[in-house]
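Undergrad: Each chain, letter by letter, is given below.
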Amino acid sequence: MELVTPPIGLLFWMCLSFGIVVWLLAKYAWKPILGSVSQRERSIEEALNEAKKMREDMARMSAGNEELMRHAREEREVMLKEARDIRDQEIAGAKTKAKAEAEALLGRAREDIRNEKNAAITEMKNQVAELSVTVAEIILREKLGSEAAQHALVDKVMKDADLRKS
Amino acid sequence: MSLKALLPNTLLLLGTLLSGAALAQEGSHADPDTLVVQPHGAAAGHEVAEHTSSAHTPEKFNAGKLIMEHIGDAHSWHLWGHTSLPLPVILWTDKGVEFFSSGKLMDEHHRPVAYQGAHYTYLLEHEKIHAVHVDGTVNEAAQVTDLSLTKNAVTLIAACALLLVVFVGMARGYAQRSISAPKGLAKFLEPIILFVRDDIAKSAIGEKHYQRFLPYLLTLFFFIWSLNLIGLIPIFPFGANVTGNIVTPLVLATITFLIVTFVANKHYWRHIFAMPGIPVPVLVILTPIEIMGHFIRPIVLMVRLFANIMAGHIVLLVFFCLIFIFSKNGESLIGGYATSPFALAFTIFINCLELLVGALQAYVFTLLTSIYIGTAVAGGHDDHHH
Numbered sequence: 011m012e013l014v015t016p017p018i019g020l021l022f023w024m025c026l027s028f029g030i031v032v033w034l035l036a037k038y039a040w041k042p043i044l045g046s047v048s049q050r051e052r053s054i055e056e057a058l059n060e061a062k063k064m065r066e067d068m069a070r071m072s073a074g075n076e077e078l079m080r081h082a083r084e085e086r087e088v089m090l091k092e093a094r095d096i097r098d099q100e101i102a103g104a105k106t107k108a109k110a111e112a113e114a115l116l117g118r119a120r121e122d123i124r125n126e127k128n129a130a131i132t133e134m135k136n137q138v139a140e141l142s143v144t145v146a147e148i149i150l151r152e153k154l155g156s157e158a159a160q161h162a163l164v165d166k167v168m169k170d171a172d173l174r175k176s
Numbered sequence: 033m034s035l036k037a038l039l040p041n042t043l044l045l046l047g048t049l050l051s052g053a054a055l056a057q058e059g060s061h062a063d064p065d066t067l068v069v070q071p072h073g074a075a076a077g078h079e080v081a082e083h084t085s086s087a088h089t090p091e092k093f094n095a096g097k098l099i100m101e102h103i104g105d106a107h108s109w110h111l112w113g114h115t116s117l118p119l120p121v122i123l124w125t126d127k128g129v130e131f132f133s134s135g136k137l138m139d140e141h142h143r144p145v146a147y148q149g150a151h152y153t154y155l156l157e158h159e160k161i162h163a164v165h166v167d168g169t170v171n172e173a174a175q176v177t178d179l180s181l182t183k184n185a186v187t188l189i190a191a192c193a194l195l196l197v198v199f200v201g202m203a204r205g206y207a208q209r210s211i212s213a214p215k216g217l218a219k220f221l222e223p224i225i226l227f228v229r230d231d232i233a234k235s236a237i238g239e240k241h242y243q244r245f246l247p248y249l250l251t252l253f254f255f256i257w258s259l260n261l262i263g264l265i266p267i268f269p270f271g272a273n274v275t276g277n278i279v280t281p282l283v284l285a286t287i288t289f290l291i292v293t294f295v296a297n298k299h300y301w302r303h304i305f306a307m308p309g310i311p312v313p314v315l316v317i318l319t320p321i322e323i324m325g326h327f328i329r330p331i332v333l334m335v336r337l338f339a340n341i342m343a344g345h346i347v348l349l350v351f352f353c354l355i356f357i358f359s360k361n362g363e364s365l366i367g368g369y370a371t372s373p374f375a376l377a378f379t380i381f382i383n384c385l386e387l388l389v390g391a392l393q394a395y396v397f398t399l400l401t402s403i404y405i406g407t408a409v410a411g412g413h414d415d416h417h418h
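For the protein sequence lines, the chains are A and B, in the order given.
Heads up: take any position in the first sequence, counting from 1, add 10, and you land on the working numbering.
Heads up: take any position in the second sequence, counting from 1, add 32, and you land on the working numbering.
Hints in this document: simulated from the structure, not taken from any laboratory.
Please note that the accuracy of each hint is not assured.
Computed beta-carbon distance windows for the label pairs [said to hold, decoys possible]: (1) B:322 to A:64: 24 to 30 Å; (2) B:314 to A:62: 52 to 58 Å; (3) A:64 to B:384: 48 to 54 Å; (4) B:158 to A:25: 34 to 40 Å; (5) B:136 to A:25: 39 to 45 Å; (6) B:96 to A:15: 14 to 20 Å; (7) A:62 to B:322: 45 to 51 Å; (8) B:140 to A:25: 32 to 38 Å; (9) B:194 to A:15: 36 to 42 Å; (10) A:64 to B:243: 47 to 53 Å; (11) A:15 to B:113: 29 to 35 Å; (12) B:131 to A:13: 53 to 59 Å.
Glycine residues also receive a C-beta, built at the ideal position from the N, C-alpha and C atoms.
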């Protein structure tokens, strides 16, 4: 029974000290501690939200970048294609032009060659004729130096002429 | 678990072993020749004679007496053997206040002696101070209220001071570091504070009202917990069984009762006096039960804490006393030595268990207080109980 009979003295000290400790702790400990804890929680939450927002912004920005890049790539493709086409056209044009020029050159060359050849042939004909005349003159002088030779020749010519006639 | 958290545990175990040494001295010393009848008259003489008669026959080791002394309060702090620390005695008498050392109420052998104060003559008998006549009979006319700073009162005040130092210091640290992460002791205590806030107060009382009661609940939790732990450390300056004394749970449960009674809203009272949706004949039975419940709940709260902590101390001491019981008060050394390892192992085991119980009871008391407050302030709409 003594165990469950509260002694007045201890009861007094208990009420006094517990009352004081509740009051002092509430005022000087719990208020600042809970205040800064909740402040910290708020700031963490804010920081998290901010980070989330930034992440979203970043995602948005990188999506924009992607779009830009895609555009740029497409543009590049188009430009490249155009350049290729232009180049091909140029080459083709150049080729045709060169071919035509070459043809023309060739034609001219052929003309020249033909002219030269004709000229050469004419000259050769002339020279051959001259030479033949000279040779004939020499041979005639040689062959027809004597009376006999002249007779022989006449005979022969006659013979040939006969042959030709027959 | 960090090393820091293990430290108190290790200290406790060490303390258990040391207290074993202290108790062993106490248990084995049985000097039958030191007690002499004092010339203080009949009552004192009677008291001392009782001592003497029991002391002259070789004093039997009385485990029950030892345990009751250890879990009870005392006017002086027993350290070891015949050494004890006298504590201040404060008496509120009808003639004025008396203030003297408790050492004046006993001689060097711890026998009670009468002390002539300024107003009356006092005698300490079974840890109760009476005003006595010169012949030793109790002075019935004198009104003496004992407000002494007993072992429990000193521990109580010291624990309060400790709480103040720790938490005000912690608050100062928070003020300095602003919102950066807690450091040192705060790193260990902040999760507990948050636990009390989120898992006890917020969940039991509700988002809307919990903030009003949080400072009290936090103080309550740390007060009970620290005193439970202090009670488990068996060496000076710890070991006083404050939470296992009826006063502490009584005061705390009374505060809970008062808070619930004063903050209760009309929904609470309506549920007590006229539970909605219940037919009148049933109400005749139900309402008295509900009214009783309003009073019984804090009483149960009180008994739970008181009984748990007291029982823990008793079990601890019982296991410890096994050594002296089996050694037959020093006659059978073999018995003592053979029992010691087991008794010590069990004591250490129970001490660890009590470490858990100490935290658990602090939690349960705070939680139930929160729940009672929660039912008292819950509105009709967000009331989950019906």
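Undergrad: Could you run down the list of hints and mark each one as holding or not?
TA: Hints versus structure:
| no. | hint | result |
| --- | --- | --- |
| 1 | B:322 to A:64: 24 to 30 Å | violated (56 Å) |
| 2 | B:314 to A:62: 52 to 58 Å | holds (55 Å) |
| 3 | A:64 to B:384: 48 to 54 Å | holds (50 Å) |
| 4 | B:158 to A:25: 34 to 40 Å | violated (24 Å) |
| 5 | B:136 to A:25: 39 to 45 Å | violated (27 Å) |
| 6 | B:96 to A:15: 14 to 20 Å | holds (18 Å) |
| 7 | A:62 to B:322: 45 to 51 Å | holds (50 Å) |
| 8 | B:140 to A:25: 32 to 38 Å | holds (35 Å) |
| 9 | B:194 to A:15: 36 to 42 Å | violated (28 Å) |
| 10 | A:64 to B:243: 47 to 53 Å | violated (32 Å) |
| 11 | A:15 to B:113: 29 to 35 Å | holds (30 Å) |
| 12 | B:131 to A:13: 53 to 59 Å | violated (28 Å) |
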